[in-house]
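End of the first sequence sits at 1665 in our numbering; the numbers just go up one at a time, nothing left out.
I should point out that these hints are in silico values taken from the structure, not numbers from a laboratory.
Hints are not guaranteed to be accurate.
Said to hold, decoys possible - Each pair of labels, with its calculated beta carbon distance range: (1) K1451 - G1099: 45 to 53 Å; (2) L1577 - E1062: 54 to 62 Å; (3) I1214 - K1451: 21 to 29 Å; (4) A1622 - L1144: 47 to 55 Å.
A virtual CB, placed ideally from N, CA and C, is assigned to each residue, including glycine.
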Amino acid sequence: MNDPFDLSDEPVLPPAQVGGAMPWLNGLNPEQLEAVQTTEGPVLVLSGAGTGKTRVLTTRLAHILLTGKAKPWNILAVTFTNKAAREMRERVGALVGGAAEQIWLGTFHALGVRLLRRHAPLVGLETNFTILDTDDQLRLLKQVMEAEGIDTKRWTPQSVMGVIQRWKDRGLGPDKASGSDAGDLAGGKTIGLYRLYQERLLTLNACDFGDLLLHCLTLMQNPANKDLLAELQRQFRYIMVDEYQDTNVSQYLWLRLLAQHHRNICCVGDDDQSVYSWRGAEVENILKFERDFENAKIIRLEANYRSTPTILKAASGLIANNAGRLGKTLRPGRKDAESGAPIVVRGLWDGEDEARWVVEEIEALQRGGSSLAQIAILVRAGFQTREFEERLVTTGVPYKVVGGLRFYERQEIRDALAYFRVVAQPADDLAFERIFNLPKRGLGDASLQSVHLLARHQGVPLFEAARRIVLTDELTPKARGTLARLVEDFDRWRGLVPNMDHGELAATILDECGYTAMWQKEKTPDAQGRLENLKELVSALEEFESLGGFLEHVSLVMENDEQTGLDRVVIMTLHGAKGLEFDNVFLPGWEEGVFPHSRAVAESGAKGLEEERRLAYVGLTRARKRVFVSYAANRRIYNQWQTSLPSRFTAELPEATVDRLAERGMFGGVPDQANAWAQDWASVTRGAPRRGDPAPAVAAPSGAFAPGTRVFHQKFGYGRVIAVDGNKLDVAFDKAGEKKVIDSFVQEA
DNA sequence: GATAATCCGGTTTTT
DNA sequence: CCGGATTATC
917 MNDPFDLSDE PVLPPAQVGG AMPWLNGLNP EQLEAVQTTE GPVLVLSGAG TGKTRVLTTR
977 LAHILLTGKA KPWNILAVTF TNKAAREMRE RVGALVGGAA EQIWLGTFHA LGVRLLRRHA
1037 PLVGLETNFT ILDTDDQLRL LKQVMEAEGI DTKRWTPQSV MGVIQRWKDR GLGPDKASGS
1097 DAGDLAGGKT IGLYRLYQER LLTLNACDFG DLLLHCLTLM QNPANKDLLA ELQRQFRYIM
1157 VDEYQDTNVS QYLWLRLLAQ HHRNICCVGD DDQSVYSWRG AEVENILKFE RDFENAKIIR
1217 LEANYRSTPT ILKAASGLIA NNAGRLGKTL RPGRKDAESG APIVVRGLWD GEDEARWVVE
1277 EIEALQRGGS SLAQIAILVR AGFQTREFEE RLVTTGVPYK VVGGLRFYER QEIRDALAYF
1337 RVVAQPADDL AFERIFNLPK RGLGDASLQS VHLLARHQGV PLFEAARRIV LTDELTPKAR
1397 GTLARLVEDF DRWRGLVPNM DHGELAATIL DECGYTAMWQ KEKTPDAQGR LENLKELVSA
1457 LEEFESLGGF LEHVSLVMEN DEQTGLDRVV IMTLHGAKGL EFDNVFLPGW EEGVFPHSRA
1517 VAESGAKGLE EERRLAYVGL TRARKRVFVS YAANRRIYNQ WQTSLPSRFT AELPEATVDR
1577 LAERGMFGGV PDQANAWAQD WASVTRGAPR RGDPAPAVAA PSGAFAPGTR VFHQKFGYGR
1637 VIAVDGNKLD VAFDKAGEKK VIDSFVQEA
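Please build the complete structure, drawing on both the sequences and the hints.
Put into structure tokens, the structure is as follows:
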């Protein structure tokens, strides 16, 4: 391959050649121009970091519209994050105006929901289905596992959910999934759990995130819906996909189906920036693209307009250590580019020293005129942020940590949302369960169990079961009264929906249910903040048309509204930094075990290591001007001092691009430490399998009790049926007296 | 049914 | 070491 830094032979198309008639094409380089103008047929754009991929995508979209090739609603443009979608719509809007509003542009999930809402009945859902978050998913799966008598300690719901999600990522429903993927997880019952979990979701009229794609896929694959599929295929004349290297198989199949008719699909991606394989993304989709779409045109964007030649050379040198790349070399886009400062690679004594050094350098940059917002500290894992935060606080340098707990993931927000969900969707059992005894109202496990039992027997949602159970004596008088009041409350709130402004309604609900009061009573220092968050929630809600619309927004767009424009150092994970750029980038913690993370290597071997290397590549290519890599010889992890070795990645940076500054002899005679540490991290808890207890037997089926029948009840003992009213029985118990009970709670004696 | 004691685990994360 | 989640105890 040619020397990527030889710039002499690069012809640059004079802007005048394309300007004039199509001004939106101004300023594109030849390869970008080709990607924009090749609108017909399959196109794969291999776009290196900083090569103007967003520009290409938005210009291409505008080009299709402005040349009249298609109407906005004939274009499907898919991104991975809401942020990317928003940005793209804005930028296209700047070129084409209001037409941008009508493009089918959004994340895979948002577009999936849009299709699914229209055709929900075709997959067994109702139009107003709920979208569950991770928390609800796990609780639901746990319930299913417990009902199946599976020991949820031996096999955690998380691990089972992991396998289920991987199936979903690959577009496999319970019928197509292969049991061997799960090994002996859950005693080999994982597929069965998957099926039951899916059934439960349908009865709850709910979906998880994976389902948003999976349901769309099965819907389109079902021969019964071939007319609908044909209609969609005809509608989407042009399809564009961003971050293609991050697609999973399900998303790939989805795209392939939709693109089948017009075959005008353009995927933009970079195999060197694929860092989400652990989430089901498959770089192989890039290879599949070439196979499935014959004569696909492949365009490489290699001119980087972001980083200095030195940084590019360092990043290229590093990533060259990966095997099986598609082959793509970044070269500086500007001929006049100064080579730039070398990458500083600094060894420090320990983590504290490292933080001190990083902040000193930050202050030096600041003195040199750099704005803090143009400085980023990019870490491998969340826990690494702490030391930098502490140091920044003591030195008084403003910073913000991006990522971490998001607004809608906060406990108080989720609690409040659960109330709204039960109001909007009485069948939302998971939400109902969450608020059943919250704030504490004296309804414990026993009461909940009774409601559950009844719900299961009568095949109704928990809320309906609660409504019915308070007509009986199943619960203690106290619980019965409390629950009856709760049911009344919800009925009243639902009655208010048509007449009351929903923001006001939300405030009313939180007030009347005692949730606000609960936090007001709380003396902990964060209670005040939680109350403020609740207020913020209510005002956010007012921006929406309806409660339902808001709930959908919340489940799909779980993001922080970050105030931009503040001059602060940014701390975030390397994953979070993908797609962003800064003048100065600090890459701390380059030690074996931390980065590459030992677990990535332990679990995925050479592949895992390569993904870690791509992550390093992502980190380096975020920087426009300067990169500071650092590592510490000693680090305290879980309060134990560990000695570590510099990351192998430091050695993979070409000598010509680095300035190595380590204290001499710092890494002397401890060759095996990193290894020992790695093994420590990798050790997997494994215990002797224990057979789970079989599921508790369910009482006799209902409907068989004539008056006079002798029956037995778990709580009230023996008695005789006096009267029957549907499912409800009046029973004269020998000891407990006359009670109203539900037939499914008693057995014939 | 609510609080104290103990045990376990502890990358990356969007939707 | 810290936080959460389940378990033990009142």
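Consistency of the hints with the structure:
{"no.": "1", "hint": "K1451 - G1099: 45 to 53 Å", "in the structure": "holds, 48 Å"}
{"no.": "2", "hint": "L1577 - E1062: 54 to 62 Å", "in the structure": "holds, 56 Å"}
{"no.": "3", "hint": "I1214 - K1451: 21 to 29 Å", "in the structure": "violated, 53 Å"}
{"no.": "4", "hint": "A1622 - L1144: 47 to 55 Å", "in the structure": "holds, 51 Å"}
Of the hints listed earlier, the one the structure fails to meet is number 3.
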